[in-house]
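> In order, the protein sequences belong to chains F and D.
Just so we're aligned, residue 1 is where the first sequence starts under my numbering, counting upward by one.
Just so we're aligned, residue 1 is where the second sequence starts under my numbering, counting upward by one.
Do not take every clue at face value.
Examples of chain F residues toward chain D, derived with CB under 7 Å [said to hold, decoys possible]:
1) Leu3
2) Arg7
3) Gly21
4) Asn98
5) Arg108
6) Lys112
Within a straight-line C-alpha distance of at most 30 Å, the following computed BS3-like cross-link-like pairs (lysine-lysine) qualify [stated by the list, open to error]:
7) Lys357/D <-> Lys48/F
8) Lys48/F <-> Lys143/D
9) Lys283/D <-> Lys232/D
10) Lys283/D <-> Lys122/F
11) Lys143/D <-> Lys6/F
12) Lys310/D <-> Lys51/F
13) Lys112/F <-> Lys348/D
14) Lys232/D <-> Lys392/D
Derived by calculation from the structure, the hints in this document are not laboratory data.
Just so it is clear, the structure is predicted and the values come from calculations on it, not from any experiment.
Ideal Cβ positions, reconstructed from N, Cα and C, are used throughout, including at glycine.
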Amino acid sequence: MPLQVKRLLIVFVLFIGIMLGLKYFLTPESWREYGAYRGNALTEISDKEAKYVQTETCAMCHDSIAELKTQGAHKSIQCEICHGPGYKHIDDENIDMNIPDDNQFCMRCHSKNAASPQSIIKQIDAVEHSEGEECINCHNPHQPWL
Amino acid sequence: MNKYETLYEALANLDGYIYPNEIALNWDLLIVMYPYVTGLVAGAFILASLNRVFDIKALRPTYEISLLTALSFMLVATMPLITHLGQPWRFYEMLVTPHLTSAMAIFGFVYLWYLMVVLLLEIWFDYRYDMVIWSQQKKGFVKFVYKALTLWVSETSPESRKTDEKIGYFITVVGIPSAFLLHGYVGFIFGSIKANPWWSTVMMPVIFIFSAMVSGIALVMFIYMGVSYLRKQKPDMMALDTIAKYLFYILIIDFTLESLDQIHRIYEADESFDILKILVRGKLFFTFFIMQIGVGVLIPLTTLGFLQFKKPRERIRKIIYLIISICVLVGIFYMRWNVVIGGQLFSKSFYGFTSYKVDLIGGADVWLSVLWFIVPFFILAFLLWLLPPWKKNHEAMH
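So that you can see chain F by itself, here it is in the shape it has in the complex (with noise of 0.2 Å):
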């Protein structure tokens, strides 16, 4: 066999050596725990801080605003939808929400748009609808439809 060739053999040799080695030294512990994958990933996700707090913890302290939207026709959105994640505002009250006031924001969901379901979210053309008045005049968010 050629010398050089010989040489570049054991370079390779090296190499997958050392890649073994490698492989033995760094592979995470919890891999394959669960499967391909580490496992203690899960526990790392699901440690992780939760942003969105759901409606049962605003309504430990916003119970009348919250007994309100059950009768609504937004009984189903969560107040995060609308006021942001809560996770901060819960440790410090003075941490303000979010409170959407513009007509804009409602039009998100309520411009006429074909792709939504008109028989779920109710659609309207702003112009003609409203002639410019601010949407929360007439509805009240937490109650639209009464």
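Here the structure of chain F is known, so what remains is to put chain D in place on it, guided by the hints.
Below, chain D without anything else, positioned relative to chain F:
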């Protein structure tokens, strides 16, 4: 990936009805760079093999430059992926935990095979004799570097050179399917995603291979002219004309395949067709019709086609080749953009769109993408200094 704190912020970027996990694009500009850079590697290598395996002698002056270009881009090919990872420091885990349950997990092996067994070996056997000679001529640290690169083998006998030549040839032959594997694999990653009608086609790996060849050839043409200019040498016009000829042929095949894919899609007009039609005519209009097809295909194709019948003066041809190579490189970049970004813009409900805007000022993805495109040129400059093709002993066999 854009992260939205509130739903309202996110909704401002949407049209129609889309699912919550489609609001923000998971694969951004860096993932556009990944198939782009990998394609340049495969294409540059194929150009080198045209000279070596298919014995196209006119391409001889670009042989080493093609190989070194392929190596320079190969060395950064993984970087767009690594820097896109949420946990970039864990990238090595893919290499130390081999498994066959995910197509993406195979990339490390495809990459290592191509880098270690094809590119490095071919360059090593091609330069071994010259490195031995240079190690005898140079002094100090550079001498040591060349010695180390030759693995302390100072054999220069005709037999040893014959062995280098034979093995080098064999590696190039193996290299061609390997280059196809490398970029076909990248195409497969997209083509095998059955939930996405913009990606899911068996044509994808083939289209990727041919578009890779087009971009790699254009890149070598650009670099060869650039290097000749910097060295104040006249580029070999015969070589440039031949590269342009092959660029023309492969561009025809590439365009035909891409058109076939689109015509098939249009004729089938399955349930996803309406949304794709709106996508291509709307959000992708500029990147698809103007950049990918206009700049990337029609301008180069008509110009190169014209050059097949009528040859203007050398000076004019050089300018044309320079412009064409840039057009093709830009066009193929937009082809990758249209695949990667385009495929994520529409909802799988087929009723809505999200949007993606490149953040030119504050976006890390833009700067990193530019970086991973520029770094290979510096690596190439270093490689051309270390292994200058113009100082090689060209009495070699091939």
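> Give a verdict on every hint.
A quick look at each hint next to the structure:
1. Leu3: Where the cut-off is 7 Å and the nearest Cβ of chain D is about 5 Å from Leu3/F, the hint holds.
2. Arg7: The hint holds - Arg7/F has a Cβ within 7 Å of chain D, the shortest such distance being about 4 Å.
3. Gly21: Violated - the Cβ of Gly21/F stays beyond 7 Å from chain D, reaching only about 10 Å at its closest.
4. Asn98: holds, 6 Å
5. Arg108: holds, 5 Å
6. Lys112: violated, 12 Å
7. Lys357/D <-> Lys48/F: Answer holds: Lys357/D to Lys48/F is near 28 Å, not above 30 Å.
8. Lys48/F <-> Lys143/D: The given pair, whose Cα atoms are some 55 Å apart, is violated under the 30 Å limit.
9. Lys283/D <-> Lys232/D: violated, 44 Å
10. Lys283/D <-> Lys122/F: holds, 28 Å
11. Lys143/D <-> Lys6/F: Distance ~22 Å between Lys143/D and Lys6/F Cα, so the pair holds.
12. Lys310/D <-> Lys51/F: violated, 67 Å
13. Lys112/F <-> Lys348/D: With a Cα-Cα distance of about 21 Å, the restraint between Lys112/F and Lys348/D holds, given a limit of 30 Å.
14. Lys232/D <-> Lys392/D: Roughly 18 Å separates the two Cα atoms, so the pair holds.
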